[in-house]
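Enquirer: Protein chains in written order, with the working numbering: chain A, 1 to 429; chain B, 430 to 761.
Derived from the structure by calculation, the hints contain no laboratory data. Among the clues, some could well be false.
To be verified - The calculated lysine to any residue pairs, modelled on SDA-like cross-linking and capped at a C-alpha distance of 25 Å, are: (1) B:Lys755 - A:Gly392; (2) B:Lys684 - A:Gly184; (3) B:Lys751 - A:Tyr314; (4) B:Lys751 - A:Arg221; (5) B:Lys684 - A:Ser223; (6) B:Lys707 - A:Gly184; (7) B:Lys707 - A:Val358; (8) A:Lys205 - B:Ser758; (9) A:Lys351 - B:Leu557; (10) A:Lys263 - B:Glu746; (11) A:Lys351 - B:Ser758; (12) A:Lys426 - A:Ala385; (13) B:Lys700 - A:Glu169; (14) B:Lys751 - A:Gly184; (15) A:Lys130 - A:Gly184; (16) B:Lys700 - A:Lys205; (17) A:Lys193 - B:Asp705; (18) A:Lys197 - B:Lys700.
Note that this is a predicted model, so its numbers are computed, not measured.
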Amino acid sequence: MENESPKIIPIQPAPYSRSRQAGESQNVLDHIVDDFQDNPASMQYFYDLFRRVYCHGDALQHEGMLVGTTCIQAPEELIYAFGATPMRLCNGSYHYDQRGADFMPAKSCSLVKATLGMLSSETVIPKIGKPDLIVNPTTCDQKKKASAMIEGMGYSVYDLEVPSVKESEASRVYWQRSVRQLAGRLQELTGRKLTRKSLKQAMSKTTRAQAAFRALHNFRRQSPSLILGKDAFLVTNAYFFDDIGRWTTAVEKLNEELAQRAKAGFKAVQSKAPRVLFTGSPPIFPNLKLPLLIEESGGVVVTDETCSSNRMLYDMTAVDEWRVNDMVDSLADKYLKPCTCPIFTRNDDRKRRLLDLVSDFNVDGVVYQAFAGCQVYEMEYRSVAEEFNRAGIPLLYVETDYSTDDKGQLSTRIEAFLESMKNRKKQRA
Amino acid sequence: MKQNNSRLQAVRDAVNRVDLNSFRFWLQLAAFALFVYGGYFAIDLGSRLPLFSCAYNDEGRAAICYLLPLQHQLSQPWPRLFSIASITVITGFLTFVLWFIFLNKGWCGYVCPLGTIQDWITALRRRLGIRYSRYSQSQFAQLTRVKYLLLALMILIPLGIGGGFFSHDMSPPFCLICPARMVLPMFTGDVSQFTIDFSSKTAMIMTAVGISITGLFLVGAFVKKRFFCFFCPMSALHYLISKPALLKLKKDGNKCTRCGDCYRVCDMEIKEIADDVKTVNIMADDCIMCLKCVASCPEEGALKATFAGIPILESTEAGFIKRINKGCSDGK
Ligand code: SF4
Ligand code: SF4
Ligand code: SF4
Numbered sequence: 001m002e003n004e005s006p007k008i009i010p011i012q013p014a015p016y017s018r019s020r021q022a023g024e025s026q027n028v029l030d031h032i033v034d035d036f037q038d039n040p041a042s043m044q045y046f047y048d049l050f051r052r053v054y055c056h057g058d059a060l061q062h063e064g065m066l067v068g069t070t071c072i073q074a075p076e077e078l079i080y081a082f083g084a085t086p087m088r089l090c091n092g093s094y095h096y097d098q099r100g101a102d103f104m105p106a107k108s109c110s111l112v113k114a115t116l117g118m119l120s121s122e123t124v125i126p127k128i129g130k131p132d133l134i135v136n137p138t139t140c141d142q143k144k145k146a147s148a149m150i151e152g153m154g155y156s157v158y159d160l161e162v163p164s165v166k167e168s169e170a171s172r173v174y175w176q177r178s179v180r181q182l183a184g185r186l187q188e189l190t191g192r193k194l195t196r197k198s199l200k201q202a203m204s205k206t207t208r209a210q211a212a213f214r215a216l217h218n219f220r221r222q223s224p225s226l227i228l229g230k231d232a233f234l235v236t237n238a239y240f241f242d243d244i245g246r247w248t249t250a251v252e253k254l255n256e257e258l259a260q261r262a263k264a265g266f267k268a269v270q271s272k273a274p275r276v277l278f279t280g281s282p283p284i285f286p287n288l289k290l291p292l293l294i295e296e297s298g299g300v301v302v303t304d305e306t307c308s309s310n311r312m313l314y315d316m317t318a319v320d321e322w323r324v325n326d327m328v329d330s331l332a333d334k335y336l337k338p339c340t341c342p343i344f345t346r347n348d349d350r351k352r353r354l355l356d357l358v359s360d361f362n363v364d365g366v367v368y369q370a371f372a373g374c375q376v377y378e379m380e381y382r383s384v385a386e387e388f389n390r391a392g393i394p395l396l397y398v399e400t401d402y403s404t405d406d407k408g409q410l411s412t413r414i415e416a417f418l419e420s421m422k423n424r425k426k427q428r429a
Numbered sequence: 430m431k432q433n434n435s436r437l438q439a440v441r442d443a444v445n446r447v448d449l450n451s452f453r454f455w456l457q458l459a460a461f462a463l464f465v466y467g468g469y470f471a472i473d474l475g476s477r478l479p480l481f482s483c484a485y486n487d488e489g490r491a492a493i494c495y496l497l498p499l500q501h502q503l504s505q506p507w508p509r510l511f512s513i514a515s516i517t518v519i520t521g522f523l524t525f526v527l528w529f530i531f532l533n534k535g536w537c538g539y540v541c542p543l544g545t546i547q548d549w550i551t552a553l554r555r556r557l558g559i560r561y562s563r564y565s566q567s568q569f570a571q572l573t574r575v576k577y578l579l580l581a582l583m584i585l586i587p588l589g590i591g592g593g594f595f596s597h598d599m600s601p602p603f604c605l606i607c608p609a610r611m612v613l614p615m616f617t618g619d620v621s622q623f624t625i626d627f628s629s630k631t632a633m634i635m636t637a638v639g640i641s642i643t644g645l646f647l648v649g650a651f652v653k654k655r656f657f658c659f660f661c662p663m664s665a666l667h668y669l670i671s672k673p674a675l676l677k678l679k680k681d682g683n684k685c686t687r688c689g690d691c692y693r694v695c696d697m698e699i700k701e702i703a704d705d706v707k708t709v710n711i712m713a714d715d716c717i718m719c720l721k722c723v724a725s726c727p728e729e730g731a732l733k734a735t736f737a738g739i740p741i742l743e744s745t746e747a748g749f750i751k752r753i754n755k756g757c758s759d760g761k
């Protein structure tokens, strides 16, 4: 009798590393690593990290509770100070973008859809485990509405209230209160108290990371470039989920290598390679489509104004009195005042910032990425274009999303754009 | 030449990384000792000084605050004031201007004993772990006018006394209500100013007001950084003559990210220091030129202090990071 029972062969779920999703990451990473020459040796840390996390689906370890964030406006120093680990959830995967389409109207931002897709999936990549809390700053409409949907997936979500005007005193006071309330929520969550010591320790972590970022940023001023933009984006993308101490050490190593490169007169690109400033919707791995297209076509991204890189790490906090109250308010100021996000009513600071980057980094032209459906970036395009027009700097506006369907067409446009910049350079020389 | 340049650059870099807060603390202490105790060493820098080196600190003072002789001069009988005495008023004023031109409002941020005392009271509060309070911006806009009003009264009342409209018991009107008159002599053990003068009704009122203001000064400085400086008529007078000053606070708006770090640390809550990206000479009328803003700006060259056009302290990334690291590890 027993022998007769049919043998049940359990269906083995295919390992993640063989999935289409892993393949997407694999392709992009291989391209980043193999199709370019002279990658800095110290980039290996980041290549390996992405391979482990995105291609093999290895789990990420973290200390204390895990607090997901959906925007750079969530003060990570506070999260660290409560002994928790922040994890930026903004996602760049096309696989998740398609999955997230169930939640949002057809013409919505890929980033928001991908984040929703990721959170709703059984296999969340990066494999971070379930966040104990997700802090969702109320920025653009799509992120605002995403809040309840994420809650619907079984997460606990905290709406961090962000004002939509940043110049006024009322908004500053409102935002400072918001940040203090977040501290209250985190205290509830972790059962710890915010102390002067823990906050100072948290701030010294982020300060060290920011100092390393700024050093990298400064190396990128060099012309011809010492490092390509695709690598720089990978570095800052890693900040989303990597251990902050390890990340900083790796960036410091990279900086040492760049210092040597500078001394040796090394060129990562040809001297005449057009220098590009990247602005707009943030490139997030694996969606590095546009920066990669630029660099495949002989340009080099020398700096950016996006929330996955420069805007996330550049601005630093000053404190006058090192007491909890003053530190928290100082952090609040730092997250609001210099922010150049298009969700605010005015964008003077963004325009000034862009012009400053153009002159500081010897930029030849600007590429403006707007994710289809990201209204705020789409709406700001006009005023930014006018500004650059006035300054006589060429700008290419690209509306795109996470799919790779438009790659061919984009590549033609980008080549033409870079070509025209080369001609301009020649004429000027 | 080239070597000289790089040596100069090295000196500049070192200066830009200075721990401004402790540098300032020691300089203020030295200046305080000079102006409050210098008299014992027969130091006499005259009576036209642009700071509160109070004359009522008879023995210790090394100089006299210009406001006292100014009020005295203006309260002379009109026939004299508008003839021969006008020369002394004018030369007095010019000497004052000459002193002032050197340091501009740096007199306030680094030298004025009354300013220094307020900083010490702030330090005490900080030690005790008590939080400071800030004005709302509309309050600020109102308060910032008071010092001009005081300045006007400080000129008009003595003129009125000279013209016979007010009693002599009101002279010198500002000094009678100035907290420095009571606070500074205290440092040389003289508390005689802490009395109400009952000799006449006017004198009684003035001295009583003076005592209350001193009380207010002490309490105010405890809750609010540089509480008195917002109302200081000397500061108003400074601002009116600040154009030709040699020490200048300058801003390069193109390099500013409007991060607000400078505004954050400003004791005088000057919002324009961060938000104004057009003005080059950025010193506001309330500014005390403490230069804390320069030290806490992370952008290379966005803010700087220059002396006769030569940069002496400039905001730098390296300086900023050094200071913030120090703060994270041991800041007060
Ligand atoms: S403003 Fe303050 S520091 Fe300046 S003179 Fe007046 S009391 Fe002194
Ligand atoms: S600290 Fe510097 S960059 Fe920031 S607002 Fe002030 S001047 Fe501008
Ligand atoms: S503006 Fe700068 S120098 Fe002036 S009081 Fe404020 S911090 Fe001090």
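Enquirer: So, for every hint listed, does it hold in this structure?
Expert: Status of each hint after checking the structure:
As the CA atoms of lysine 755 (chain B) and glycine 392 (chain A) are separated by approximately 43 Å, the hinted pair breaks the 25 Å bound. Under the criterion of a C-alpha separation no larger than 25 Å, the hint pairing lysine 684 (chain B) with glycine 184 (chain A) is inconsistent with the structure, at around 36 Å. Annotation: proposed proximity of lysine 751 (chain B) to tyrosine 314 (chain A) holds, straight-line Cα distance about 16 Å (limit 25 Å). At roughly 22 Å between alpha-carbon atoms, lysine 751 (chain B) and arginine 221 (chain A) fall within 25 Å of each other, so this suggested pair holds.
Annotation: proposed proximity of lysine 684 (chain B) to serine 223 (chain A) holds, straight-line Cα distance about 20 Å (limit 25 Å). This hinted pair does not check out: lysine 707 (chain B) and glycine 184 (chain A) have alpha carbons roughly 39 Å apart, beyond 25 Å. Between lysine 707 (chain B) and valine 358 (chain A) the CA atoms are separated by roughly 19 Å; this keeps the pair inside 25 Å, and the hint holds. Of the supplied pair hints, the one linking lysine 205 (chain A) and serine 758 (chain B) holds, its CA atoms being roughly 11 Å apart against a limit of 25 Å.
With a C-alpha separation of about 44 Å, the suggested pairing of lysine 351 (chain A) with leucine 557 (chain B) is violated against the 25 Å cut-off. Between lysine 263 (chain A) and glutamate 746 (chain B), the direct Cα distance comes to roughly 22 Å. Compliance with the 25 Å bound is thereby established for this hinted pair. With a C-alpha separation of about 36 Å, the suggested pairing of lysine 351 (chain A) with serine 758 (chain B) is violated against the 25 Å cut-off. Distance hint between lysine 426 (chain A) and alanine 385 (chain A) is fulfilled; the C-alpha atoms sit about 24 Å from each other, no more than 25 Å.
In summary, the hint linking lysine 700 (chain B) to glutamate 169 (chain A) is supported, as the alpha carbons are separated by about 10 Å, within the 25 Å threshold. For the suggested pair lysine 751 (chain B) and glycine 184 (chain A), the alpha carbons sit about 31 Å apart, so the restraint of at most 25 Å is broken. For the suggested pair lysine 130 (chain A) and glycine 184 (chain A), the alpha carbons sit about 21 Å apart, so the restraint of at most 25 Å is met. Taking the CA atoms of lysine 700 (chain B) and lysine 205 (chain A), the gap is about 29 Å. The hint is violated against a cut of 25 Å.
Distance check on the hinted pair: lysine 193 (chain A) and aspartate 705 (chain B) sit about 38 Å apart at the alpha-carbon level, beyond 25 Å; violated. Using a Cα cut-off of 25 Å, the hinted pair lysine 197 (chain A) and lysine 700 (chain B) is violated, with the two alpha carbons roughly 29 Å apart.
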